[in-house]
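**Q** Chains as they are written, first to last, in our numbering: chain A, 1 to 201; chain B, 1001 to 1201.
FYI, nobody ran anything at the bench for these hints, they're computed from the structure. Keep in mind that a hint or two might mislead.
To be verified - Derived DSS-like pairs (lysine-lysine); straight-line CA-CA distance at most 25 angstroms: (1) B:Lys1064 to A:Lys46; (2) A:Lys22 to A:Lys103; (3) A:Lys64 to A:Lys22; (4) A:Lys46 to B:Lys1046; (5) B:Lys1046 to B:Lys1064; (6) B:Lys1064 to B:Lys1103; (7) B:Lys1022 to B:Lys1155; (8) A:Lys64 to B:Lys1159; (9) A:Lys164 to A:Lys103; (10) B:Lys1155 to B:Lys1064; (11) B:Lys1064 to B:Lys1164; (12) B:Lys1159 to B:Lys1064; (13) A:Lys159 to A:Lys46; (14) B:Lys1046 to A:Lys164; (15) A:Lys64 to B:Lys1103.
What the hints assert, rightly or not - Beyond 10 angstroms from chain B on every Cβ pair, some chain A residues (computed): (16) Ala3; (17) His30; (18) Glu161.
Every value quoted in this text rests on a predicted model; they were computed, and no experiment measured them. All C-beta atoms, glycine included, are put in the ideal place defined by N, C-alpha and C.
2 protein chains.
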Amino acid sequence: MPAPIDFYFDFSSPYGFIGSEKIEALAARHGRSVAWHPVLLGVVFKQTGATPLTQVPLKGDYSKRDFARSARFHGVPAFRLPSVFPISTQAPARIVLWLQRAKPELAVGALHALYRAFFVDDVDISNPDRAAAIAAQSGVDAAAARAAIDDPAIKDALKVENDKAIAAGVFGSPFVIVDGEPFWGVDRFEQVDRWLLTGGW
Amino acid sequence: MPAPIDFYFDFSSPYGFIGSEKIEALAARHGRSVAWHPVLLGVVFKQTGATPLTQVPLKGDYSKRDFARSARFHGVPAFRLPSVFPISTQAPARIVLWLQRAKPELAVGALHALYRAFFVDDVDISNPDRAAAIAAQSGVDAAAARAAIDDPAIKDALKVENDKAIAAGVFGSPFVIVDGEPFWGVDRFEQVDRWLLTGGW
Chain A
1 MPAPIDFYFD FSSPYGFIGS EKIEALAARH GRSVAWHPVL LGVVFKQTGA TPLTQVPLKG
61 DYSKRDFARS ARFHGVPAFR LPSVFPISTQ APARIVLWLQ RAKPELAVGA LHALYRAFFV
121 DDVDISNPDR AAAIAAQSGV DAAAARAAID DPAIKDALKV ENDKAIAAGV FGSPFVIVDG
181 EPFWGVDRFE QVDRWLLTGG W
Chain B
1001 MPAPIDFYFD FSSPYGFIGS EKIEALAARH GRSVAWHPVL LGVVFKQTGA TPLTQVPLKG
1061 DYSKRDFARS ARFHGVPAFR LPSVFPISTQ APARIVLWLQ RAKPELAVGA LHALYRAFFV
1121 DDVDISNPDR AAAIAAQSGV DAAAARAAID DPAIKDALKV ENDKAIAAGV FGSPFVIVDG
1181 EPFWGVDRFE QVDRWLLTGG W
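Sequences and hints are given; from them, build the entire structure.
**A** Next comes the structure, spelled out in C-alpha cells:
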C-alpha cells in the first residue's frame, strides 16, 4: 500500500478550498489516499513575513479576481469570497483534529462541510458555535465538537501539528507532499499528478 | 487582426524565463502576437512590499527546487539557477527598450539571447559590457547596445514603461494581459490558453 499524500491547508485559504475539492480524485487516480492536515497560516506567516494576499497592494485586487477565476477553471464554480475574510481558523481546525483522534470516520466529511460552509455558503466558521453546528450537519455530535474547540489537549495538538508542518517546510495553502517532494499551490496539482505517475522527472 | 498578448517580465525572474520560452507558441496557437515588456521588479516590489522569493524563510529553499522542477515540467530543462542571483536588470531591459525603438526586428532575438545567457549559460547580464556582448551575438551592434544602457532617453523610457506596467496592475513576472484580463505566473498559462480559446469563462 503506497503512502498517503499529505495535504496541508488553512480553512481561510481560497486555493486550499479549491484544492480540497480536487485532491481526493487526484490521489485516487494513483491508488493513494489523502492525509489531511489543517494548519494555521497566521502562525506560519510570522516566520515567513508573509501578509494575507488580499491585503497586499496591487496583488490584493488581482488575487480576488484570480480566486474566482481559478475556482471556475478548476471546476469549483460555487466558490465565492466570504463577506468576512480572512478569518482565524482555530475552531474548524480543532474540530478536525479532534475528529481525527476521536471519530476518524467523520473527519473528512466534517472538513468538507466546514470548508464549503465558509467558501460557498458564507458562514463565518471562525465562530466556535457556528463551526460546531456545521460539523453537526455531517453527523458529528454538536456539543462534543463545541467542547473540543476549548479542550486544552486539542489546542496543544494543533500547536504540535502546526510546528510539525513548519518543520516539514510547509509555508502556504494548499501544500502537498508526495513521497517527500513538496508542492505549493493548487496550480501545482498538474505537477503532483505527473509526479505520482512517474515518481519524478 | 486581434490585439497582441502583453507579456511583462523581469530578466532576473526564473518563471519569467520559463514563460518567455513558451509564450510565443501559446499566442501563435490563437493567431496572436506577443508584445514584450521588460520591467524592473525591484521597483514594483517597493510598492507591494514583496521580497525576492529565494530570500524568504521556508519559501526560499522551496522556490529553488520549484524553479528547476517547473522548468523541466514546462519543457525548459536547460534552466539552471545562476551563481549570482537575483540581479539588477537595468542593462538588459534598456537594451531591449532601445531595440524596440531603434531596431525592432532585432528586439525579440536579443531578449531571448539575454534571458538564455543568464538562465542557461550563467552569464551575469547585470554587467553592461556583458549584456551588450550577448546582444551582439544576436546581430545587434555591440557599441550601440552598450551606449544605449547609459542613454538618458532610454533610462527615462524604462522608468515610463515601469510606471505604465504598475498602473496596469503588474506586480510579478511573468505577467500576461489578454484583452484586459490579467494573469500572473507561468502556472497561469493554461488559463491564458483557455481564455484565448473561449474569451473567458
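**Q** Out of the numbered hints, which ones does the structure contradict?
**A** Those not satisfied are hints 6, 7, 8, 10, 11, 12, 14, 15.
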